[in-house]
Amino acid sequence: MTELEAGGAGTLAPVRSGAAPGRYRDILIALIAFAVLASLPLFTGSKALLDFVIRCSAYGLFATSLNLLVGYTGLTSFGHGMFFGLGAYSFGLIMQKLGVPIPVAFVATLAITAVIAAVIGAICVRLKEIYFAFVTLAFQMLIHSTILSWASFTGGDQGLRGGIPRPSFLGINLANHVHLYIASCALLILGLLAMRQIAQSPFGFTLRMIRDNAARASFLGIDVWRAKLTVFVLAALFASMGGMVMALFVSGAYPEFAYWTISGEGIFINMLGGVSTFLGPMVGTVLLLLLNDTVTRFTEYHGIVLGIVILFFALGLRKGLLDFVAEWFSQRRDAGKGH
Amino acid sequence: MLEIRNLAKSFGGVKATNDVSLDFPDGSLTAVIGPNGAGKSTFFNLITGALKPDSGEVLLDGVDLAGRSPPEIVRHGIGRAFQVASIFRSLTVQETMLAAVSADQRTSAVLHKRFPLPETRDRAEHVMELLGLAGKRHRTAATLSHGDQKLLDIALALVLEPKVLLLDEPTAGMGPEERWRMIDKVRELWETQKITVVFIEHDMDIVFKIAPKIVVLCYGRILATGTPDEIRNNSAVIEAYLGTEHAGAAA
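Which chain is which? The protein sequence lines are A and B, in order. Taking the numbering used here, I'd label the letters of the first sequence as residues 1 to 339. Taking the numbering used here, I'd label the letters of the second sequence as residues 1001 to 1251.
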């Protein structure tokens, strides 16, 4: 689905004159980013670095999709991680039990996610702020408990063991580390490009209107409930993609992928990186994973260090890192105009 | 033509709108006045779908809109501005206008194109010019002055090209000079756009000066309707509403 969208973006762009430059610019940036990431294995043999980027891809897709809800629509979901877990488990189970080609399992997982997200979303998006947060959290716990208790199907607390088969397709062999790395980067870039398109589309501005003033939006003839449900399902799809990258990376799926702490990490990432810019969550992802990896190396009390860092961002800066940078730049620009 | 027939709404035992019937002919300009708690805002909320009436009809060109949802009523052509400017704080003036036109053209769910769609530009531009907001198009709504926020609110209603425009206290919270500028703007819009305008106003000088027709509400009922002269000399209105002011003038 994301490939389709991103591909469509490229072919449609020349027809539209006014808004097209933004789209070309985004595609150009995406291509450069992909080229840089894809050429990394040529310069370094560090498996740890490539692993780091793969984990960033999984979490980055997840966190950026959460920002579609939190930052763009004002829907603070505490249960977004359920779709990360759902993606990992659906994909893993389909590959283990059905042995279909990877792209088929990929699309089937997105379809399953869409259906489940539509049902959960239909119940949740009517609720206001704190109720929305808690009911999404409740659904997360429901899915987590289901995974734990349905041991014959999901492996229970042991997770999906025995590895996920990764048969080659179209000359891509995801059992090969470099292939898996390139595929993860490609999914990340395509996913980000598709989400960027959503954020900058007329629908993206409808989301901003709902965030700012939902009552007024409905007086403009916008069906607020439908828009919220749509973005809820779309965000779930990208979270599910993140989960699939994770499942491919660890060649398995574990109950922790569906535990509420994943949602919590998503919120942390958004707080660290900032929700007012599109790439804030991506910056937050890199920050959190870096912190996690370095701090755990020095101390077993890494939770304390992470907590202090988050307090610094939340109470000290009162915004995420990229929010801060964006604000600083716009202030400088305004000051420049003054002279 | 907007026809209100026997509209009623109660909150508990309080009849906020009590059997109100009114006609607003096409192209008319009407002021709704009344003491605090007279049910003016409730009346607007019932017409625009923010509240569901207990009974009665809201007929726009013969179609009954009573009890329908705000989006539906807006699409039938009843636009509204709010007492406290109801705007999108983080969007710029221009983005606000473009997004509103998108909503009206039913392209607000489009995913595969970039915002703004080219076909939204002309209408957005037109309304920004009309309300004198074109020079502030790149300002974020939250940074606008109070008066400009009220204008933006009206622009939001107007950009949908309504047949009927309901303005809930367009001059609320403004200084005397700003009030007159705002009300001149409203009158200008009414004259140039050929739409039906109904507005709630507290300042009697303004009402008597610009409204050809006045409706006085009191305790949810219509106390009187008529031209400024008729209202000024209506004994019931004087007693209920204008009384103190007139007494002051007489003394």
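Read the hints as simulated data drawn from the structure, not as lab findings. None of the values given here were measured: they were computed from a predicted structure. Where hints are given, some of them may not hold.
[To be verified] Footprint (simulated), chain A over chain B, 3 or more residues, beta carbon under 8 Å: (1) 1011-1022; (2) 1082-1094.
[To be verified] Just a few of them, taken from the derived set where beta-carbon distance is under 8 Å, the chain A residues facing chain B: (3) Ala108; (4) Gln158; (5) Gln200; (6) Phe205; (7) Thr206; (8) Arg208; (9) Ala215; (10) Arg216; (11) Phe219; (12) Gly221; (13) Gly307; (14) Ile310.
Positions of the beta carbon are idealized from the N, C-alpha and C atoms, including for glycine.
The hints, checked one at a time:
Coverage of the segment 1011-1022 of chain B by chain A is violated in this model, with 0 residues showing a Cβ closer than 8 Å to a Cβ of that chain against a need of three. Coverage of the segment 1082-1094 of chain B by chain A holds. Counting CB-CB distances below 8 Å, 7 residues qualify, and the rule asks for three or more. Because the smallest distance between the Cβ of Ala108(A) and any Cβ of chain B comes to about 22 Å, over 8 Å, the interface hint for this residue is violated. Taking 8 Å as the C-beta cut-off, the interface hint given for Gln158(A) is violated, the closest approach to chain B being about 40 Å.
For Gln200(A), the interface hint holds, the least distance from its beta-carbon to any beta-carbon of chain B being 6 Å, beneath 8 Å. Below 8 Å, beta-carbon pairs count as interface contacts, and Phe205(A) has one with chain B at about 4 Å; its hint therefore holds. Interface hint status for Thr206(A): upheld, as the beta-carbon distance to the closest one in chain B is roughly 4 Å, under 8 Å. Contact between Arg208(A) and chain B, as hinted, is supported at the beta carbon level, the nearest pair being about 6 Å apart and thus within 8 Å.
Annotation: interface hint on Ala215(A) holds; nearest CB of chain B at approximately 7 Å, less than 8 Å. A hinted interface residue such as Arg216(A) counts as satisfied when its beta carbon comes closer than 8 Å to some beta carbon of chain B; here the least separation is about 4 Å, so the hint holds. Nearest Cβ of chain B to the Cβ of Phe219(A): about 5 Å, under the 8 Å cut. The hint holds. Evaluation of the Gly221(A) hint against chain B yields a held restraint, the C-beta minimum of about 4 Å falling below 8 Å.
A least Cβ separation of about 30 Å between Gly307(A) and chain B goes past the 8 Å threshold, and the interface hint is therefore violated. Because the beta carbon of Ile310(A) sits about 24 Å from the nearest beta carbon in chain B, more than 8 Å, this interface hint is broken.
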